[in-house]
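Asks: Take a look at the letters that make up each chain.
Protein chains: 2
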Amino acid sequence: MQPAAGSPVTCRRPAPRDLLRSLGERFGERYSTGESDLHRHGRDDSPYDTTPPDCVVFPESGEEVAEVVRLCARHRVPVIAYGAGTSIEAHIMAVEGGVTVDLSRMNRIIAVNAEDLTATVEAGVTRKQLNAAIEKTGLFFPVDPGADATLGGMAATRASGSAAVRYGTMRENVVGLKVVTADGAIVRTGARAKKSSAGYDLTRIFVGSEGTLGIITEVTVRLFPRPEAVSAAVCPFPDIAGAVATVIRTIQRGVPIARAELLDALSVAAVNRYSHTEVEERPTLFLEFHGTMSSVAEQAEAVQAIAREHGGRDFEWAVDPEARARLWDARHTAFPAILQLRPGARAFVTDACVPISRLAECIAATIQDTRASPLPCPILGHVGDGNFHCIILADPNNAAEMEEAERLNQRVMRRALESDGTCTGEHGVGMHKIPLLVEEFGEDGVELMRRLKAAWDPLNILNPGKIVRMT
Amino acid sequence: MQPAAGSPVTCRRPAPRDLLRSLGERFGERYSTGESDLHRHGRDDSPYDTTPPDCVVFPESGEEVAEVVRLCARHRVPVIAYGAGTSIEAHIMAVEGGVTVDLSRMNRIIAVNAEDLTATVEAGVTRKQLNAAIEKTGLFFPVDPGADATLGGMAATRASGSAAVRYGTMRENVVGLKVVTADGAIVRTGARAKKSSAGYDLTRIFVGSEGTLGIITEVTVRLFPRPEAVSAAVCPFPDIAGAVATVIRTIQRGVPIARAELLDALSVAAVNRYSHTEVEERPTLFLEFHGTMSSVAEQAEAVQAIAREHGGRDFEWAVDPEARARLWDARHTAFPAILQLRPGARAFVTDACVPISRLAECIAATIQDTRASPLPCPILGHVGDGNFHCIILADPNNAAEMEEAERLNQRVMRRALESDGTCTGEHGVGMHKIPLLVEEFGEDGVELMRRLKAAWDPLNILNPGKIVRMT
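Chains F and Y, in that order, give the protein sequences.
All the letters of the first sequence, read from the start, carry residue numbers 105 to 575 under our numbering.
All the letters of the second sequence, read from the start, carry residue numbers 105 to 575 under our numbering.
Only chain F is shown next, with the shape it has when bound in the complex (with noise of 0.2 Å):
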């Protein structure tokens, strides 16, 4: 089992004079070797050390992406696609060495096709830019992952997030993709259409493979009428136990709810500190309702039911977008909230997704591992979805601590499996679980992601060391 700490370099490929020169010469004042552009583009939000690429360059089309795979192609050296950065699995750090391509310069709204329910971006369109280009439509697109992560890096992480357990993950919102492939080849996916048997589905092939099978540059995703109504609630729960179940039999029941998110006492705790609220420090559900005025009631009543059978009576609600957004913002504030628990520390994020029926006791062994630990660790969870993660805060000076967290990463990712689950319900898999997934597809599994991989990346240089070793 690799260690989440230190540093993930394992067999340096680094790029060649001769490729550094193509490229400088190509991409002039858009290629950087500067220490802050390679610094930056090494880092994300997962545990690693920093890991800078040997050079990046900033691309403003699919094929000005596809001449710089050619090019690594020709050198045999590694290509990493960039996006906003905010993985929390080391998606974006050149473990071997190599070139990053960040993405952000192409950020073009290619079209909306308002009628269609689809919109056709360039990789490096952010969710909010999305949202925010189509507001005047009355549409809008659903998946939020709370951070303002680019469509491209949501797609190539099969990203989800708070409204997944209403309008699907990226999964379920791509039509369609652009892709350049490892022979910097342009590959159209899919066409617009809602559904389609033609075939090897390419699309879903490219969602979630993190950018080791081919790199991303235009992304085409649903859009859904925006509601007539929306309303949103926060209730906290005598237990978290009350709080899960509350969701469970919501969804059960076939209850449409739009979010349903869990904050434990911890992560409300952290919220006020951090945004000077004062919030009652319970295990708390966010909730929110989306369709008409009279369904969005019907949900409500429903849902409080079911509440107050769980021990769930103090429901504040919140109907225009502004006191909505207020109520929220504990919840969106709840990362960067929580890492400010313990500055300085890093975050083991754990992301296990289990079925529904199981979800309470995995949380409640979570609590009670977590509670014999030194180390914080504030659990929040997306329930509708059986997907929960735990916080585990660390000193990555303090080798000890390292290990506890990674011990009780394990714990959490082994129990997952145990019970009929995923060790990864949104994040992916990174370097980090890369043995877990032997253990949850089995070794025959396994061999079929590395065929894969091996089949349409055979020199090996779209992202490696993630999602399968090759080596």
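It is worth saying that the hints were derived from the structure and are not from the lab.
Note that the structure is a prediction, hence the values are computed from the model and not measured.
Note that the Cβ used here is the ideal one computed from N, Cα and C, for glycine as well.
Misleading hints may appear alongside valid ones.
Pair by pair, the computed Cβ-Cβ distance ranges are [said to hold, decoys possible]:
(1) Y/219 / F/426: 33 to 43 Å
(2) Y/118 / F/134: 56 to 66 Å
(3) Y/287 / F/518: 46 to 56 Å
(4) Y/233 / F/287: 41 to 51 Å
(5) F/522 / Y/423: 40 to 50 Å
(6) F/468 / Y/547: 52 to 62 Å
Using the hints, position chain Y against chain F.
Replies: Just chain Y, lined up with the frame of chain F:
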């Protein structure tokens, strides 16, 4: 372009006597080379001539399937999975000879996890069987392609049908699979978690792979709480354009309609003749609404208002299950009824699926084509998904008719591609649409498919000749 008519046999790799003897000894009565068995397994609802395998085996477990595949691999002989034989694209035809694996004896319901809204079944369980088995749980499985297909076959062809507009296709409703790979390993592609970012999406790679990458032996699907209220309606329109516009506007407004099916006047006439009914022979929408009592009422009202704007006024409603079944009978019997328009004819079923903004013009252009043709070509549509079928009936003994059917079919597919759609929304590629994939995904896209196939099935024994050509 390969013609649809006639025998599709290319190069045979018949099962050698050694292999037949081994299979016969191993499977005893569950092995057959009887003429009628071979014939039955070489025929589906596609327009091709019957193309039988060399033998049929009837395994009763995934391990037995794996044994067959290992034997076939040793002899480099094709192995073809067979479910209910309801494919419209010749998926089950033994175009190179070989061994058909009939999964109908693998029809056990393995687990119903009502709390998690999932069920796990063997691949030979049909959708009606599953729905009967879970009736008492208050849950249902929504994917409904019309035919009582097996869950394995539905997964393998990425099937969808009339309820996909609300509940999604097999792409969205398969949670995980158990699959026998080309070397006879048994792989579990996913746990029961609702979402996952754990590496390449093995589940979605096998869904829609038409038996060419592995044989699906077990399927875990999503279930849904049976809605509190269901109501159904039929409504005739003065023209197809009005019916189509009604559904498109309904989708764009975000009304969560459960089914929205179109029958053109000729289809209605076929049903009248077949079922001895006297439904008005005009373009007709069949609609279904699911939800709470009030939400169903709200949806119905919204759709009626939209329909009125497009000339649809005479809604006939049904609420209780029997009345609904009677109302929907015309839609459910449409396919056999249409086949009876010309007994002995073969059906070329087109399967264009386009963005809904392009649907009206696509259907209009198709009607113009078919009006100019001597062949009867009734039209059915899953309008809410942008998917419609033109069922072209041709006499297999009349070469000119078969060519004309093929010409019309090609025009419909090309028009779908020109409209940013797909040549197959739900029936799959089979053999007939192999050349179209190149137009849909480009040479580079199809090359990715070929490399995947070669990597996972290097001997090309799994249902060869479908989706991609390897030789």
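Asks: Now tell me, hint by hint, if it's right for this structure.
Replies: Hint by hint, here is what the structure shows:
1. Y/219 / F/426: 33 to 43 Å: Holds: the Cβ-Cβ distance is about 38 Å, inside 33 to 43 Å.
2. Y/118 / F/134: 56 to 66 Å: With Cβ atoms ~60 Å apart, the hint holds.
3. Y/287 / F/518: 46 to 56 Å: With Cβ atoms ~29 Å apart, the hint is violated.
4. Y/233 / F/287: 41 to 51 Å: Once the Cβ atoms are compared, 46 Å apart, the range 41 to 51 Å for residue 287 of chain F and residue 233 of chain Y holds.
5. F/522 / Y/423: 40 to 50 Å: holds, 46 Å
6. F/468 / Y/547: 52 to 62 Å: With Cβ atoms ~54 Å apart, the hint holds.
Violated hint: 3 only; the structure is consistent with all others.
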